[in-house]
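Q: So the chains spell out like this:
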Amino acid sequence: MSFDVVIIGGGLAGLSAGVELLKVGKSCAAVSEGLSLNNAPREEFVALGGVLFSGDSVVRGEFDSDRLVKVFTRNLENTPLAAQSFILSTGKFFSGGLRSTKDIIYEPIFGADVEYDHDPAAWCSPDINSTQPFECFGLATDSSQRVMISGRVIENLYAAGEILSGQVEIINSALEVCRRII
Amino acid sequence: MRTDFDVIIIGGGVTGLGTARDCSLRGLKTLVVERGDIAQGASGRNHGLLHSGARYAVTDKDSAAECIRENRILRRVASNCVEPTEGLFITLPEDDLSYQKTFIESCRAAGIDASAIDPSEALKMEPSVNKDIIGAVKVPDASVDPFRLCAANALDAKIHGAEIRTYTQVTSFIIESGKVVGVRLRDTRSGQETEARATITVNAAGIWGQKIAAMAGANIAMYPAKGALLIFAHRVNRMVINRCRKPANADILVPGDVVCVVGTTSDRVPMEECDNMHVTAEEVNLLLQEGCKLAPSLASTRVLRAYAGVRPLVASDSDPSGRSISRGIVLLDHETRDGIGGFISITGGKLTSYRLMGEMATDLVCRKLNVSKKCSTASQPLPGSENEDVNCKGMAQKAARGRQGTLISKMDFEAKSELICECEHVTRAEVEYAVKNLGVTNLEDLRRRTRIGMGTCQGSFCIKKAAAVLAELLGHPEMAPILIREYVAERWKGMAPVCWGESLREAEFMRKTFKDEL
Numbered sequence: 206m207s208f209d210v211v212i213i214g215g216g217l218a219g220l221s222a223g224v225e226l227l228k229v230g231k232s233c234a235a236v237s238e239g240l241s242l243n244n245a246p247r248e249e250f251v252a253l254g255g256v257l258f259s260g261d262s263v264v265r266g267e268f269d270s271d272r273l274v275k276v277f278t279r280n281l282e283n284t285p286l287a288a289q290s291f292i293l294s295t296g297k298f299f300s301g302g303l304r305s306t307k308d309i310i311y312e313p314i315f316g317a318d319v320e321y322d323h324d325p326a327a328w329c330s331p332d333i334n335s336t337q338p339f340e341c342f343g344l345a346t347d348s349s350q351r352v353m354i355s356g357r358v359i360e361n362l363y364a365a366g367e368i369l370s371g372q373v374e375i376i377n378s379a380l381e382v383c384r385r386i387i
Numbered sequence: 106m107r108t109d110f111d112v113i114i115i116g117g118g119v120t121g122l123g124t125a126r127d128c129s130l131r132g133l134k135t136l137v138v139e140r141g142d143i144a145q146g147a148s149g150r151n152h153g154l155l156h157s158g159a160r161y162a163v164t165d166k167d168s169a170a171e172c173i174r175e176n177r178i179l180r181r182v183a184s185n186c187v188e189p190t191e192g193l194f195i196t197l198p199e200d201d202l203s204y205q206k207t208f209i210e211s212c213r214a215a216g217i218d219a220s221a222i223d224p225s226e227a228l229k230m231e232p233s234v235n236k237d238i239i240g241a242v243k244v245p246d247a248s249v250d251p252f253r254l255c256a257a258n259a260l261d262a263k264i265h266g267a268e269i270r271t272y273t274q275v276t277s278f279i280i281e282s283g284k285v286v287g288v289r290l291r292d293t294r295s296g297q298e299t300e301a302r303a304t305i306t307v308n309a310a311g312i313w314g315q316k317i318a319a320m321a322g323a324n325i326a327m328y329p330a331k332g333a334l335l336i337f338a339h340r341v342n343r344m345v346i347n348r349c350r351k352p353a354n355a356d357i358l359v360p361g362d363v364v365c366v367v368g369t370t371s372d373r374v375p376m377e378e379c380d381n382m383h384v385t386a387e388e389v390n391l392l393l394q395e396g397c398k399l400a401p402s403l404a405s406t407r408v409l410r411a412y413a414g415v416r417p418l419v420a421s422d423s424d425p426s427g428r429s430i431s432r433g434i435v436l437l438d439h440e441t442r443d444g445i446g447g448f449i450s451i452t453g454g455k456l457t458s459y460r461l462m463g464e465m466a467t468d469l470v471c472r473k474l475n476v477s478k479k480c481s482t483a484s485q486p487l488p489g490s491e492n493e494d495v496n497c498k499g500m501a502q503k504a505a506r507g508r509q510g511t512l513i514s515k516m517d518f519e520a521k522s523e524l525i526c527e528c529e530h531v532t533r534a535e536v537e538y539a540v541k542n543l544g545v546t547n548l549e550d551l552r553r554r555t556r557i558g559m560g561t562c563q564g565s566f567c568i569k570k571a572a573a574v575l576a577e578l579l580g581h582p583e584m585a586p587i588l589i590r591e592y593v594a595e596r597w598k599g600m601a602p603v604c605w606g607e608s609l610r611e612a613e614f615m616r617k618t619f620k621d622e623l
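Going line by line, the protein sequences match chains A and B.
If you read the first sequence in my numbering, its first letter stands for residue 206, the second for the next number, and so on.
If you read the second sequence in my numbering, its first letter stands for residue 106, the second for the next number, and so on.
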């Protein structure tokens with residue numbers, strides 16, 4: 206299956222970007238585990254012709270040098286989703302966009318570069334009322350919000366939403382990605 | 106001279122409450138004052154291990170003998186708080202197997218039934234244990250719920266006429282003619298100051314007993330030995346697992362309810378740190394590393410929380426680690442020791458020996474009051490542990506039966522079946538009972554009485570509902586957001602040191618769930 210854009214992670218960021226892209230005539234598919242802390246515009250995305258693979262997740266991608274060509278999902282197995290551009294919007298820890306062990310934090314699908322404090326004792330502050338350091342960890346990207354793997358920019362893989370590092374405006378980060386893709 | 110009570114007990118930990126129960130059973134008019142909630146100090150910050158005494162058999166025979174006697178008593182009178190898991194002392198390849206012989210001989214000399222079993226047999230009994238073991242000894246260790254134990258003692262004391270005032274701090278003693286005749290008190294929440302008078306005052310304040318004694322003019326040099334522990338989100342073991350070697354760090358894994366606890370460390374801390382214990386990254390690493398040697402599957406098990414308590418050991422200057430200080434009971438009559446009448450201290454000891462500590466303290470109180478009634482706490486079951494059959498149907502009632510024992514016959518499950526906490530299956534019936542009968546004033550108190558919010562969600566899913574119910578029962582519905590804020594801040598302290606993997610997911614979820622209350 207081939208689309209203009211494949212969105213990995215159907216939360217607020219991913220589907221907001223999807224809605225904007227559909228409106229300008231791009232064909233879009235989104236793969237969503239279905240677990241999102243924010244209300245995503247699912248109905249609007251589908252009504253505009255977006256293809257939503259719900260209850261599914263991307264397990265790996267296939268690259269051609271610095272371009273992502275297609276992704277494979279758990280349910281679609283041997284039917285990869287190919288696209289011109291991809292958006293990675295799988296959220297932070299709760300949604301599974303980032304994972305952690307006792308010592309490291311990583312992005313589980315592509316092994317993308319994550320910006321975080323390498324001292325695990327500094328991930329969480331003892332005061333729940335303050336912004337937590339882990340809430341600012343996220344993907345390292347270039348100035349166009351493109352994802353990096355081992356320091357190399359992936360030309361057509363953009364990050365949106367909470368998976369980004371720093372204090373993130375979810376909708377704005379999604380719109381920014383749309384501008385780059387369009 | 107006016108006296109309000111025969112005896113005032115300072116401290117609502119297991120020792121103070123055990124003493125209060127004993128005093129009230131002997132007919133004494135008893136008041137307990139506790140500056141926080143019951144079981145808020147070391148009584149609620151330990152392994153929940155009912156020692157067989159085996160751990161002390163080689164190094165401290167008297168403590169070992171004391172443990173096994175109390176172990177047998179508590180299995181009967183506190184049956185609802187004790188799970189007879191039994192225990193193993195394992196020898197790993199890096200340990201000296203010859204220690205096992207000394208260990209078994211010492212156990213037997215102390216009256217502890219210890220028998221060596223084949224490692225393959227031990228693996229069958231306890232599949233989670235390290236497969237590399239080269240030796241194993243079975244002993245009568247057990248698991249005990251310290252919150253339940255404290256609540257049951259408090260309840261029985263109240264049933265027999267005692268008054269228990271939580272969130273009530275002693276600010277000074279009333280001393281007349283060299284004799285303690287009462288205490289000045291401050292309600293820690295309202296700030297209201299009162300006083301209470303009694304013929305005898307008992308200092309059962311745990312590590313804080315040094316400060317209390319000093320207020321009365323007596324000197325007790327205590328040794329604050331911090332013990333850090335980790336709780337895992339699953340129960341990997343059936344039996345208590347210990348290392349068969351000289352007691353060291355993180356060498357006991359205790360199962361309890363649906364979790365298990367590994368600990369402890371033992372480090373001297375400054376007295377002023379006792380009010381605010383933090384578990385360090387080094388402690389977490391040590392506990393995990395050593396814990397995995399006992400049960401390797403801990404390496405892949407979610408760590409739910411880290412916490413620490415302070416053992417109220419009485420100091421000896423010769424041991425910087427605190428491990429070789431006797432865990433024995435210290436009963437001080439300040440009249441003969443310091444010339445301060447009407448004042449005694451009961452300290453040292455351990456969770457397993459709390460009942461005996463209560464008996465010893467009450468015996469001394471009774472001698473001073475010329476009361477001849479004998480102790481009955483070794484034979485009279487605690488509320489909830491009476492040997493009666495209680496009807497219970499459905500998961501929620503069975504879970505409540507496990508926590509509250511025969512007391513569930515007093516709960517209205519028919520009318521109040523609404524489930525409040527899903528992890529622990531706590532219904533409105535149990536919450537209402539606890540609030541009305543067990544002295545609950547906030548969500549932390551409620552947690553200690555019912556295990557509400559102690560499951561894998563750490564309250565993320567249930568505590569808003571629990572707060573609404575509690576605030577309504579307390580007659581202050583507007584308090585709910587404040588109750589939530591206090592509760593979540595306290596839960597967070599235990600989560601922060603182990604914030605990785607699933608617990609990091611939980612932490613992110615919790616911050617989002619409670620963003621309106623924080």
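Among the clues, some could well be false.
[Claimed, not checked] Quick list of in silico lysine to aspartate or glutamate cross-link-like pairs, DMTMM-like style, CA-CA up to 20 Å: (1) A:Lys-307 to B:Glu-268; (2) B:Lys-134 to B:Glu-300; (3) B:Lys-617 to A:Glu-374; (4) B:Lys-617 to B:Glu-577; (5) A:Lys-307 to B:Asp-494; (6) B:Lys-206 to B:Asp-218; (7) B:Lys-617 to A:Asp-324; (8) B:Lys-620 to A:Asp-324; (9) A:Lys-275 to A:Asp-324; (10) B:Lys-515 to B:Glu-493; (11) B:Lys-236 to B:Glu-268; (12) A:Lys-307 to B:Asp-223; (13) B:Lys-598 to B:Glu-537; (14) A:Lys-307 to A:Glu-282; (15) B:Lys-620 to A:Glu-238; (16) B:Lys-598 to A:Asp-261; (17) B:Lys-598 to A:Asp-332; (18) B:Lys-479 to B:Asp-494; (19) B:Lys-134 to B:Glu-268; (20) B:Lys-473 to B:Glu-493; (21) B:Lys-229 to B:Glu-191.
Since the hints were derived computationally from the structure, they do not count as laboratory data.
Q: It remains to establish, for every hint, whether it holds in the given structure.
A: How the hints compare with the structure:
Our distance criterion of 20 Å between C-alpha atoms is broken by Lys-307 (chain A) and Glu-268 (chain B), whose separation comes to about 47 Å. A distance of roughly 16 Å separates the Cα atoms of Lys-134 (chain B) and Glu-300 (chain B); the hinted pair therefore holds under the 20 Å criterion. Only pairs whose Cα atoms come within 20 Å are accepted, and Lys-617 (chain B) paired with Glu-374 (chain A) is accepted, the gap being roughly 15 Å. Between Lys-617 (chain B) and Glu-577 (chain B) the alpha-carbon distance is near 25 Å, which puts this suggested pair outside the 20 Å criterion.
With a C-alpha separation of about 46 Å, the suggested pairing of Lys-307 (chain A) with Asp-494 (chain B) is violated against the 20 Å cut-off. The suggested pairing of Lys-206 (chain B) with Asp-218 (chain B) holds, with an alpha-carbon distance near 14 Å, which does not exceed 20 Å. Straight-line distance between C-alpha atoms of Lys-617 (chain B) and Asp-324 (chain A) comes to about 24 Å, which puts the hinted pair past the 20 Å bound. Annotation: proposed proximity of Lys-620 (chain B) to Asp-324 (chain A) is violated, straight-line Cα distance about 26 Å (limit 20 Å).
For the given pair, Lys-275 (chain A) sits about 35 Å from Asp-324 (chain A) by alpha-carbon distance, which is inconsistent with the 20 Å threshold. About 14 Å separates the Cα atoms of Lys-515 (chain B) and Glu-493 (chain B), which keeps this hinted pair within 20 Å; it holds. Annotation: proposed proximity of Lys-236 (chain B) to Glu-268 (chain B) is violated, straight-line Cα distance about 52 Å (limit 20 Å). The hinted pair formed by Lys-307 (chain A) and Asp-223 (chain B) fails the criterion: a straight-line CA distance of about 35 Å is larger than 20 Å.
Restraint check for Lys-598 (chain B) and Glu-537 (chain B): the C-alpha separation of about 27 Å exceeds 20 Å, so the hint is violated. The hinted pair formed by Lys-307 (chain A) and Glu-282 (chain A) fails the criterion: a straight-line CA distance of about 31 Å is larger than 20 Å. A threshold of 20 Å between alpha carbons decides the hint, and for Lys-620 (chain B) with Glu-238 (chain A) the separation of about 24 Å lies outside it, so the pair is violated. Note on Lys-598 (chain B) and Asp-261 (chain A): the hinted pairing is violated, with a Cα-Cα distance of about 35 Å set against a maximum of 20 Å.
A hinted pair counts as satisfied when its Cα atoms are at most 20 Å apart, and Lys-598 (chain B) with Asp-332 (chain A) qualifies at roughly 7 Å. Using a Cα cut-off of 20 Å, the hinted pair Lys-479 (chain B) and Asp-494 (chain B) is violated, with the two alpha carbons roughly 29 Å apart. For the given pair, Lys-134 (chain B) sits about 8 Å from Glu-268 (chain B) by alpha-carbon distance, which is consistent with the 20 Å threshold. At roughly 37 Å between alpha-carbon atoms, Lys-473 (chain B) and Glu-493 (chain B) are farther apart than 20 Å, so this suggested pair is violated.
For the proposed pair Lys-229 (chain B) and Glu-191 (chain B), the alpha carbon gap of about 14 Å is at most 20 Å, so the pair holds.
In the structure shown, a violation is registered for the earlier hints numbered 1, 4, 5, 7, 8, 9, 11, 12, 13, 14, 15, 16, 18, 20, in ascending order.
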